[in-house]
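What follows is each chain in one-letter form.
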Amino acid sequence: MNAVLRYVPLLIVAAAWEAASRLGLVSSLALPPLSDVIASWIDLLRDGDLLTNAGPSLYRLAAGLALAILVGALLGLGMAWWKPVNVVLAPVVEIFYPLPKSALIPVTAIWLGFGDGSKILLIFLGCMIPVTIAAFNGARGCDRMLLWSARSMGASRLRVLWDVVLPGAMPELLNGIRTAIALSFILLVSSELIVAQRGFGYLIGSLGANGSYEAMYAVVFTVAFLGFAVDRLYQMLVQRVLIWRL
Amino acid sequence: MAALEHLPVQEAMSLRALRASMRFGTRVASVVALVLVWQAISDSGIVTAFQLPSFTRVLARIWDDAVAGDLWVNTAVTLYRALIGFAIASVGGIALGMAMSRLKLVHWFFDPLISVGFPMPKIAFLPVIILWLGVYDTSKITMVVFDAVFPVIAATIIAIDGVERELLWSARNMGANEREILWQVVLPAASPQIMTGLQVALPLSLIVAVVTEMLMGGYGLGGAMITASRFANSPGVFAGIVEIAIVGYALVKIMSLIRHRLLIWHPEAHEPSTV
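Protein sequence lines correspond, in order, to chains A and B. Just so you know, the first sequence maps onto residues 0 to 245 in numbering that gives the first Met the number 0. Just so you know, the second sequence maps onto residues 0 to 274 in numbering that gives the first Met the number 0.
It is possible that part of the hints are untrue.
[What the hints assert, rightly or not] Below, a sample of chain A positions facing chain B; criterion: calculated Cβ distance under 8 Å:
{"#": "1", "residue": "Leu73"}
{"#": "2", "residue": "Lys100"}
{"#": "3", "residue": "Ser101"}
{"#": "4", "residue": "Ile104"}
{"#": "5", "residue": "Ile109"}
{"#": "6", "residue": "Met215"}
These are computed hints drawn from the structure, not numbers from a lab. All C-beta atoms, glycine included, are put in the ideal place defined by N, C-alpha and C.
Produce the entire structure from the sequences given, and follow the hints as far as they go.
See the structure below:
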């Protein structure tokens with residue numbers, strides 16, 4: 000009951016939307032009624048447009064994120080654990096950290112064309128830096144006492160890295176991955192809106208260009224709720240993973 | 000005795016200065032190294048000049064843009080959009096966050112909207128915003144505000160909830176009214192975390208400003224980059240990357256200087272900074 004009450008404001012906004020366009024307060028071209036948007040969402044799902052474009056988008060997202068998390072975490076841990084790695088990489092990370100990642104869209108298109116490769120590279124490059132910084136800070140912040148005890152009990156350096164540093168860095172690392180997930184959706188959609196022949200962004204662009212605005216709204220909200228759902232699922236997963244900390 | 004007491008302080012000061020200059024030195028060295036690697040790769044012929052134009056050509060292109068004046072116009076336009084959007088998002092986000100943490104009704108209404116809206120990729124709404132507001136400044140700035148406001152609201156709420164009860168009780172005990180408590184106790188105590196929210200929102204503003212310019216074309220650093228890319232002008236694209244990187248770096252640095260300056264009274268100013 001409480002959960003239902005909590006989300007009442009969302010229903011109010013939805014009702015206001017429906018009413019505003021049904022009563023003609025705003026042009027139904029600019030804001031088609033919510034019920035029409037839902038109807039065209041069902042149409043899109045039925046004729047397969049949504050699913051055929053969801054496939055490439057999800058593939059790009061998953062591949063780019065997986066690479067970013069793997070390489071980013073390794074780099075961050077490496078920087079925290081071996082001084083020379085830090086000396087070489089820290090300034091590079093510092094230079095690329097404030098770069099607005101969207102500036103990479105044309106460059107990845109020059110390198111790998113307009114297909115899957117350029118989007119995966121873009122998501123990989125853009126999302127790697129937050130993961131690297133999180134892994135680095137997490138590993139640096141882990142408890143010295145634990146490190147010393149593990150070392151004095153005869154654990155090898157690699158063993159300490161795996162059994163002490165990595166778990167210690169986990170909370171911060173998982174937080175960095177959450178930032179990376181949010182960023183990956185931004186990069187995916189904007190690169191697909193700019194250059195793509197398939198994917199959610201492409202579908203939004205082409206529906207908008209055809210003037211089928213109900214369908215465009217349907218896809219926009221699909222992407223938005225997908226981003227929301229992935230974030231929620233991730234948070235649930237993180238709570239499972241970090242249960243040993245409580 | 001007096002001289003001895005001075006010594007550690009002076010020593011610490013000079014050590015800090017030495018460390019700062021060393022850090023600056025390694026930073027410059029690594030930028031130079033990066034540029035040298037770039038130049039070496041493009042000279043070696045492993046990649047074509049289209050894939051990676053040499054650094055000197057990109058530099059020449061930036062110089063041409065600067066002489067012709069395009070560089071300054073584009074930078075100014077992009078900064079204008081990003082910073083106006085950031086300013087609106089900051090003021091609006093802090094105000095809404097404050098209202099939400101003080102008024103139950105406001106909190107009830109906005110809390111689910113924000114928890115759903117924060118993780119959404121807002122950039123997907125861009126075609127909708129274009130439909131409503133056209134392709135000029137208004138729609139770009141709206142998009143920046145829409146994206147940048149969520150981290151500010153979230154940080155403000157967390158910051159105000161985290162203010163120590165003892166501070167509030169003492170202030171109330173000494174006869175402060177609600178208004179004084181808000182301005183003189185709650186806001187200063189919450190300001191470090193609010194600043195952190197702003198530091199998240201600022202780079203986001205620049206990312207969104209650049210994306211919207213790329214999608215709609217026209218003036219601005221993003222617009223110039225996408226035009227260059229349409230004409231397969233790769234030095235133009237790489238010049239854009241360098242320009243946007245410098246602008247982004249400058250904004251992030253200025254923001255952390257402002258933080259240091261504003262929070263000079265806070266204990267965090269005396270801790271060694273990590274990043």
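Checked hints:
1. Leu73: A/Leu73 check fails; min Cβ-Cβ to chain B is 20 Å, beyond 8 Å.
2. Lys100: 6 Å, holds
3. Ser101: 4 Å, holds
4. Ile104: Where the cut-off is 8 Å and the nearest Cβ of chain B is about 6 Å from A/Ile104, the hint holds.
5. Ile109: 6 Å, holds
6. Met215: 6 Å, holds
Going through the hint list in order, the structure does not satisfy hint 1, though it satisfies all others.
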